[in-house]
Amino acid sequence: MIRAVALAALLAWPAAAGTLEGRLVTFTVMTWDDPAHPFLQARGRTVEVGEGIEFGLEPEGLTGGLDVVPVTVEIGPQRVELTYPKGMGRFYAAGFNGYVLRFETDCALFAGWKVDRAFTTMPVTDTDIFTDKGALYINVSDRDYGPDARLAVDLDVTDCPLS
145 MIRAVALAAL LAWPAAAGTL EGRLVTFTVM TWDDPAHPFL QARGRTVEVG
195 EGIEFGLEPE GLTGGLDVVP VTVEIGPQRV ELTYPKGMGR FYAAGFNGYV
245 LRFETDCALF AGWKVDRAFT TMPVTDTDIF TDKGALYINV SDRDYGPDAR
295 LAVDLDVTDC PLS
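Take 145 as the starting number for the sequence shown in the working numbering and just add one per residue.
Be aware that one or more of the hints could be misleading.
[What the hints assert, rightly or not] Below are the EDC-like pairs computed for lysine to aspartate or glutamate, each with C-alpha atoms no more than 16 Å apart in a straight line:
(1) K258 x D272
(2) K258 x D270
(3) K230 x D211
(4) K258 x D298
(5) K277 x D250
(6) K230 x E202
(7) K258 x D300
(8) K230 x D288
(9) K277 x E248
(10) K230 x D292
(11) K277 x D303
(12) K230 x E204
(13) K277 x D300
(14) K258 x E204
[Stated by the list, open to error] Simulated restraints on C-beta separations:
(15) P305 x P203: 35 to 45 Å
(16) D250 x G208: 27 to 37 Å
(17) F263 x R189: 18 to 28 Å
(18) K277 x D178: 15 to 25 Å
(19) P291 x D260: 16 to 26 Å
(20) D250 x P291: 30 to 40 Å
Everything labelled a hint here was simulated from the structure, so no lab data went into it. Built from N, CA and C at the ideal position, the CB exists for glycine as well.
Kindly produce the complete structure, drawing on both the sequences and the hints.
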């Protein structure tokens with residue numbers, strides 16, 4: 145019963161009090177079965193969230209037989225959108241194979257999240273996403289990607305002060 149109430153509260157959160165606009169964020173690609181020993185950790189890139197596309201990643205060269213899949217990342221005030229403008233294939237299957245968006249803050253930046261089912265074409269669910277303080281993890285392991293694939297995550301951003 146308590147679990148159902150907590151789930152209902154998460155699904156019906158109020159309008160977000162905070163924003164990602166103006167925050168510094170470092171975006172990287174990681175693949176692991178054990179986070180202490182990743183198979184791949186791409187070079188991170190840091191930008192300030194603002195208008196338009198924040199990241200357009202390209203392959204970086206093979207590391208342990210893995211490489212970065214081209215992806216475009218747009219971050220809005222309470223939303224992250226991923227699209228795959230080049231190539232097609234399937235992400236390597238691992239415990240985690242996906243994206244880490246690490247926002248510069250010392251507080252718990254996210255109170256909740258949900259996949260925007262109307263926008264998203266990939267079979268990613270809310271359970272494929274998790275947070276740790278100011279970091280957002282999006283797991284796309286063993287999913288297909290290509291020009292028709294897209295993913296949007298709506299975020300309940302807390303009112304953390306900018307760091």
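Hint check, failures only:
14
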